[in-house]
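Student: Okay, here's what each chain looks like letter by letter:
There are 2 protein chains.
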Amino acid sequence: MRRETTRQTGRVDLVVTGGTVLTMDPEETVVENGAVAIRDGAIVAVGARRAVESGFQARRTIDASGRLVLPGFVNGHTHAPMTLLRGVKDDVDLMTWLTNYMFPIEKRFVSREFVRWGALLACWEMIASGTTTFADGYFHEEEVARAADESGLRALPGQGIFDVPTPDSQTSAEGLARAEKLLSDWSGHPRITPSLCPHACYTVEPDTFVRTMRLAERYDAPVQTHLAESPAEIALVGERYATTPVRHLANLGVLNERLVAAHCVCVDDEEIAKLGSSGTGVVHCPESNMKLASGVAPVPRMLAEEVRLGLGTDGAASNNDLDMIGEMGSAARLHKVATLDPTAAPAHAVLRMATLGGARALHMEDRIGSLEPGKRADLMVLDLSGPGALPLYDAASHVVYSARADAVETVIVEGRVLMDRRRLKTLDTDEIRVRVGRFGRKIRAALPE
Amino acid sequence: MRRETTRQTGRVDLVVTGGTVLTMDPEETVVENGAVAIRDGAIVAVGARRAVESGFQARRTIDASGRLVLPGFVNGHTHAPMTLLRGVKDDVDLMTWLTNYMFPIEKRFVSREFVRWGALLACWEMIASGTTTFADGYFHEEEVARAADESGLRALPGQGIFDVPTPDSQTSAEGLARAEKLLSDWSGHPRITPSLCPHACYTVEPDTFVRTMRLAERYDAPVQTHLAESPAEIALVGERYATTPVRHLANLGVLNERLVAAHCVCVDDEEIAKLGSSGTGVVHCPESNMKLASGVAPVPRMLAEEVRLGLGTDGAASNNDLDMIGEMGSAARLHKVATLDPTAAPAHAVLRMATLGGARALHMEDRIGSLEPGKRADLMVLDLSGPGALPLYDAASHVVYSARADAVETVIVEGRVLMDRRRLKTLDTDEIRVRVGRFGRKIRAALPE
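Listed in order, the protein sequences are those of chains A and B. Residue 12 in the numbering used here sits at position 7 of the first sequence; the count goes up by one each step and never skips. Residue 55 in the numbering used here sits at position 50 of the second sequence; the count goes up by one each step and never skips.
Rather than coming from a laboratory, the hints here were simulated on the basis of the structure. One or more hints might be untrue.
Every beta carbon over 12 Å from chain A, so not counted as near; a handful from chain B, in silico [said to hold, decoys possible]:
#1 Glu32
#2 Arg151
#3 Asn261
#4 Lys430
Partial chain B-side listing against chain A, Cβ under 8 Å, derived [what the hints assert, rightly or not]:
#5 Gly92
#6 Asp95
#7 Glu130
Yeah, the Cβ is synthetic: ideal placement off N, Cα and C, and Gly gets one too.
One chain only, chain A, in its complex shape (with noise of 0.2 Å):
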């Protein structure tokens, strides 16, 4: 940690106070029975429960004894308005997944409002599972960006960009006067970082790639995309470009320091060395890359190499939830049987990945993954004194290995609380379950069958 406590003091807007602090900063910190100081959106101290309290009056005291304090997790991948495709239909091939239900569903369906309420519906979800910062790539994404906005969380919308049409854009060009629009409306918002999404390299031509590369240079803008997800990609991107999706992007200069990479299932070594080297941040989804049967990708060579490794849930037709509690157990114990090796993944690197290091394949590091004095304040209090997380021995082997989502007791994005001890504070659920249950019941009478 930067330091374990300032010689700041003052006033402050919120102190939280009395639990375990779980740092995550790059020594992994721990500060037993510690206290988070918070101003203007920022953390300003960060240290023991009587040093805190002592040097700083709050106008608001969050009392977190007996509990863990944890920056809020960086869900590095997904696509937030299809939770209302949730469920829609599993267990099926995937090119049956995409002809029959998502393509033709999307097509029919996928309207500003459907993106509005699916965004909020995923919003509500994620800060009720202690996720503080999403990046998302969709269609319509400034409904993204404000569903966000008024949830309160901090996010990255990205619009997505195709060379085929899209509920959005006809052709890429379109694609991209939307994204435009989209950066040029949102940048500057404190908590909202309009981003392009680009959506692969099967369906994103080579120039396309390029120029989404420049428009986001020219407003300093992360781009994600979909890279190596899976053999099926790996063998169209051989057929058409004669080499690998890591080594495509590489020749067309778009490997770098502003883009976020998801998946990255299909990855040998040269090309883990090529995305560490470059700062390519990777997003790890390991439920999506389960449920679609694409493949284990090789998270410890990539722990081991330091990529930038988040992680991050998918969407939700593919997960099928936005549960990084969850997701972290499924990365840790995925990782030990697909090596055979039960040291593989280890609970504190699999915690580091949701946190620390989404930051840092997002290009964020220097605001968010840990709480440090000058980061911005976006914590969780989590409450594991339920019978699944008893007795407790070792706090991060818990979160990951024995914690619930249900245990997210209070949530806090630049310092706002936007949960406090479960209660949302900043979404209409009633109304979002009004409008999520008649999109449902729209879909659900389109299906096939």
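Guided by the hints, dock chain B onto chain A, whose structure is given.
Tutor: Only chain B this time, still in chain A's reference frame:
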């Protein structure tokens, strides 16, 4: 289902009404706006709400409108008292874990009192996550029987039998004597089925296995064991008996309808056929197999062979929870990625494993595992109105992929309500918390480092 509604009428103790009833009967009948009538601990009718409500006068009615009603989960393999060792040491290799942690801690701390409070904590956790039956193996199992009885759960406590000294027996003869006392003390109990648990082929001598089976036959009791769990076991058994674990037990004549074999990770096609044709129950424990890096059990092939296949959490020291909903999600995802087939282990099959499959694995399918007239009334009400389960397209898919254990609202065993809208009715959870905390502090203080 045997019959969708019965013609019986009259007074009943309880009607659970208004929910979507997933009967999990062999036809997987689903009754929308259905009801279940319960008398003297048994199900007397399952059918449409109107028919059941007009046919029966209930002393008590539970409104399950907008909710799912399904059979309680059958946790086919656990070590309940090991909740006290939950997360005591994770992410180390198996020999370090056993030699430096599990064995010395168990030697020093496992007593009747340890078993009692660990088992009560486990019962609390299992009730709160929808388990209604559990099969257990450990030491001082009379205390597991007592705890399960007090909690109201259905259980198969299994006295551990080893040919090495254990916390409750110096020899296997002593273990068998303890087992016989357990069988004789608890035989005939409506919910507690005492059983025997010879640990594994590499810790139990051949003649001990045979003597255990003889004793079980005399009391008509089930026998639980660990079988073909890991490559290390295959190597040990190969060295000692020049065969595989499954063939070794077949040679001993103990592979039969009384046996419940946990794990079966390392089994070939011939062994799967043997397990199927012998009527052996098999309990798949995916999270334990993943976390301990044991390997991936060939579940799709076992399903195709119609092996009596259930699902279990294993003990909390190697999982680290007793949550069958999480276990179902892990099972459904693991077999897809392990086979690279997204249709493997579909949600419906996995939900069956956790209910009727588990009942078949424990040889109790005539009494539990589905909601059918004549079976014991072991069921739960599941509330899927949380944000992570909206909207609803396919109930079974949601239970497996989207639900979390906190959606379990009401749990009924043998017609008795053990949890009523998340309030535990049978256990003093404050006292359990205090006792468990004391054990945790003592064990923590004794850990190496």
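Student: State for each hint whether it applies.
Tutor: For each hint, the structure was consulted:
With a closest Cβ-Cβ approach of about 18 Å to chain A, B/Glu32 is found to remain outside the 12 Å limit, as its non-interface label requires. Distance check on B/Arg151: its Cβ is at least 18 Å (rounded) from any Cβ of chain A, clearing the 12 Å threshold; non-interface status holds. The beta carbon of B/Asn261 is kept farther than 12 Å from every beta carbon of chain A, the shortest such distance being approximately 30 Å. The non-interface label for B/Lys430 is consistent with chain A: the shortest C-beta to C-beta separation is roughly 15 Å, beyond 12 Å.
The interface hint given for B/Gly92 is met, as the beta carbon of that residue sits about 5 Å from the closest beta carbon of chain A, less than 8 Å. Checking B/Asp95 against chain A: minimum C-beta separation of about 5 Å stays under 8 Å; hint holds. For the restraint placing B/Glu130 at the interface with chain A, the shortest Cβ-Cβ distance is roughly 4 Å, inside the 8 Å limit, so the hint holds.
Checked against the numbered hints given earlier, this structure breaks none of them.
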